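From first to last, the protein sequence lines stand for chains A and V. Quick note: the first sequence uses our numbering, first residue 1, plus one each step. Quick note: the second sequence uses our numbering, first residue 1001, plus one each step.
Worth double-checking, as some hints may not be accurate.
Think about it this way: if two alpha-carbon atoms lie no more than 27 Å apart in a straight line, the pair counts; the simulated DSS-like pairs of lysine-lysine are [what the hints assert, rightly or not]: (1) A:17 to A:219; (2) V:1007 to A:210; (3) A:49 to A:17; (4) A:7 to A:49; (5) A:219 to V:1007; (6) A:243 to A:7.
Away from chain A, derived, C-beta distances all over 12 Å, residues of chain V [what the hints assert, rightly or not]: (7) 1007; (8) 1036; (9) 1042; (10) 1089; (11) 1112; (12) 1190; (13) 1203; (14) 1211; (15) 1218; (16) 1233; (17) 1280; (18) 1287.
Calculated Cβ distances over 10 Å to all of chain A for the following chain V residues [as the list claims (entries may be wrong)]: (19) 1006; (20) 1018; (21) 1048; (22) 1065; (23) 1111; (24) 1138; (25) 1141; (26) 1169; (27) 1184; (28) 1207; (29) 1244; (30) 1245; (31) 1274; (32) 1292; (33) 1295.
FYI, nobody ran anything at the bench for these hints, they're computed from the structure. Since the model is a prediction, treat every value here as computed from it, not as a measurement. Built from N, CA and C at the ideal position, the CB exists for glycine as well.
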Amino acid sequence: MGITFRKETFRDDFTFKNSPEHIRRFPFPFHEDAYMYAVNIEPHVVGPKGSVLENLIDVDEHYVAEMQDRALVLAEDPLRCQSLPHMTLAGWDLLELLMEQQALGYPEHFTLTRDGDRWRWINRPLGIDDTFTFGDTSTLPYGPMEYITRQSQGDFCILDQRDGNLWMDAGMVTTQADWSLDFDIGMNFFEWHAPVPLAHEKGIFTRALKFLTNIQQGKPARRLNWTMTVNPRLDTSPENYHKWGPDRATVTPENVGDKVHLRVELQSFWRLPRSNGIVFPIRCYLIKMDELVTQPKWARRLHRVIRDLPDELANYKGLTRYRPTLVEWLSKLDDGSPTSPGFGPD
Amino acid sequence: MSTGTTKLDVVVSDVVPVNELVTRFHFRRRDGQLLPTFSGGAHVVVEMRDGGRTRLNPYSLMGSPLDTREYTISVRRDDVGRGGSLFMHRSVRPGLEMVISYPVNLFSLDLRARKHLMLAGGIGITPFMAQTAQLAAEGGNFELHYTCRTASLGTYADVLRERYDRRIRLYHDDLDERIELDRLLSTQPLGTHLYVCGPAGMINWVRDRAAALGWPAETVHFEHFAAPQPGLPFDVTLAVSGKTTRVDEQQSLLEAIEAAGVDPPYLCRGGVCGQCETNVISYDGKFIHNDHWLSEEDHRSGCKIMPCVSRFEGRSLVLER
């Protein structure tokens, strides 16, 4: 039984929706009724069947539509995909990782056949059947990173590791929460995290870097991050701020449930074997408030989290303008009863 | 050992004496699958079960990263060390089942380099075997200067010369041939990165001269594994786990902690990666620090120790483990 891929849009008429099964598997990021930064990193191991962790690289019902949206973004702005000259080897590492994982998790949709360095890749949802020579860029229509990330959900940053630091030297970034690869390319870990409030004071980045530079082959790690987005728009980039920034002023008590989306990033970290780099997939999941509150526990908890969020964080995440409207709307779904521990719905 | 890297169950597929001091060991996966891909400069930690004792020693992978049917390491016999190399030479035979770690690379090529200038001393040649194979396959620009005691102890010098011809320069101590280091370092094209692996004295010499000649620190890479040294036995108390154990003469502090059933994290077991850094709660005696991770200030403070390579002499030592 394969996935039924939805026909939907992440722009203009915004027809994106989650099916009831996808609502239940949504990676709700709050394990308690409050939120503060923590180094919430854990081993990226396979999780329960029916969850987004069932496979280490998740493919879901939005796959085809997300790949179409990515192609539209790239057509308008090719700089969303960049790879510095020394990162080609890491691109091949990533191609291998994503082909292997997608073929392993979804054999009905993807097939990888290897005969030495002669590889055949079949991607049925996108109608691709290519044979190429692994390591020979001239045998693919794009560079290896661009080729495979045009066929994989989520953004991908490839980090070079040197001088005890990580450097953002390649990436495919079209579904980002207001940051720009073109701006960050070539920066190190501390440089690209400079805008994040509060976390520096807590020493979080120093500890996180120490952890990440020690990520081992065969032992990936993951964490969740979150923000909110008005309208189910994947491309909330600084380059297109003029398109989505004004949306924040359109939230009213009548349309909160349809317009406001919780946006959760499942970030994972993998050591790449040939280049010794790290790849950092940032997989974005969207859910509109109307869908989220079908789970009463999530409705109660989200109300408490957003209501009590420190102002700096609310501001950084861009919620300030519509937070009162959202909290007011969510408050009607919070009867004050306790929530059960853990992330999942009751 | 639950910590560190993922383990690989392997079988010794071949044991090849290379010269009077060095023997090469080949490993394949017991399940017949390919081994994980690795990058030039990576090492694996080999678990040696020697009677009741377990030693875990790191060795550079020296095969081509393009061929993952087998891993190869070369072990130089050390007659006065703690016995790991002697165990490998005397007891490891084809067919023996062993456990090794996934590869870890703490001596990675900087792929931005326009040219890779490599300096090897003695058994320090091993990581360069893999790095040159990787670079040669990609058409990379490299040059290797290799110092050995005598031609017969020039491990793999013949192989390298045959593969790479004039890109390999050999220097024999017994013929009084020395690397003209200052001239070499002063005549490199812009964008060259320098890599050195060999005895501590050689590494220090090369790093000092490179710094004096204006090489940016980011372009100078070195592999500085310290082997744990034997020493006087001592007792250690592990406060968190409530255990006290003895560290034998031939055992490292980390091995003794593991033998007591406590598993601190580790990667290199050579005093460079920082994973096993341990806080000292109290002590009465003196530390013998052998690591390259802690600062001199840390060493003086008596608050931290790297149990993989450092020791202690005295009456009592209490660690936060």
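Hint check:
1. A:17 to A:219: It is violated: about 34 Å lies between the C-alpha atoms, which goes past 27 Å.
2. V:1007 to A:210: With a Cα-Cα distance of about 22 Å, the restraint between residue 1007 of chain V and residue 210 of chain A holds, given a limit of 27 Å.
3. A:49 to A:17: Judged against 27 Å, a Cα distance of about 22 Å means the pair holds.
4. A:7 to A:49: Cα-Cα ~25 Å, so holds.
5. A:219 to V:1007: Given pair residue 219 of chain A, residue 1007 of chain V holds - Cα atoms ~11 Å apart, limit 27 Å.
6. A:243 to A:7: holds, 23 Å
7. 1007: Check fails; 10 Å does not lie beyond 12 Å.
8. 1036: Nearest chain A Cβ is 6 Å from residue 1036 of chain V, so the label is violated.
9. 1042: violated, 8 Å
10. 1089: Non-interface label stands for residue 1089 of chain V: nearest chain A Cβ at 29 Å, farther than 12 Å.
11. 1112: Non-interface label on residue 1112 of chain V violated, nearest chain A Cβ at 4 Å vs cutoff 12 Å.
12. 1190: holds, 16 Å
13. 1203: holds, 18 Å
14. 1211: holds, 15 Å
15. 1218: Given a closest Cβ separation of 5 Å, the condition is violated.
16. 1233: Given that every Cβ of chain A is farther than 12 Å from that of residue 1233 of chain V, nearest at about 31 Å, it holds.
17. 1280: Non-interface label stands for residue 1280 of chain V: nearest chain A Cβ at 20 Å, farther than 12 Å.
18. 1287: holds, 23 Å
19. 1006: violated, 4 Å
20. 1018: holds, 27 Å
21. 1048: The assertion about residue 1048 of chain V holds, with a minimum of 21 Å to chain A.
22. 1065: violated, 6 Å
23. 1111: Non-interface label fails for residue 1111 of chain V: nearest chain A Cβ at 4 Å, not farther than 10 Å.
24. 1138: The claim is violated: residue 1138 of chain V sits with its nearest Cβ about 7 Å from chain A, within 10 Å.
25. 1141: holds, 13 Å
26. 1169: holds, 26 Å
27. 1184: Label holds. Min Cβ-Cβ 23 Å, cutoff 10 Å.
28. 1207: holds, 15 Å
29. 1244: Answer for residue 1244 of chain V: holds, closest chain A Cβ roughly 30 Å.
30. 1245: At about 26 Å from chain A, residue 1245 of chain V clears the 10 Å cut-off, so the statement holds.
31. 1274: violated, 8 Å
32. 1292: holds, 13 Å
33. 1295: The assertion about residue 1295 of chain V holds, with a minimum of 14 Å to chain A.
The structure does not agree with the numbered hints 1, 7, 8, 9, 11, 15, 19, 22, 23, 24 and 31 stated previously, though it agrees with the rest.
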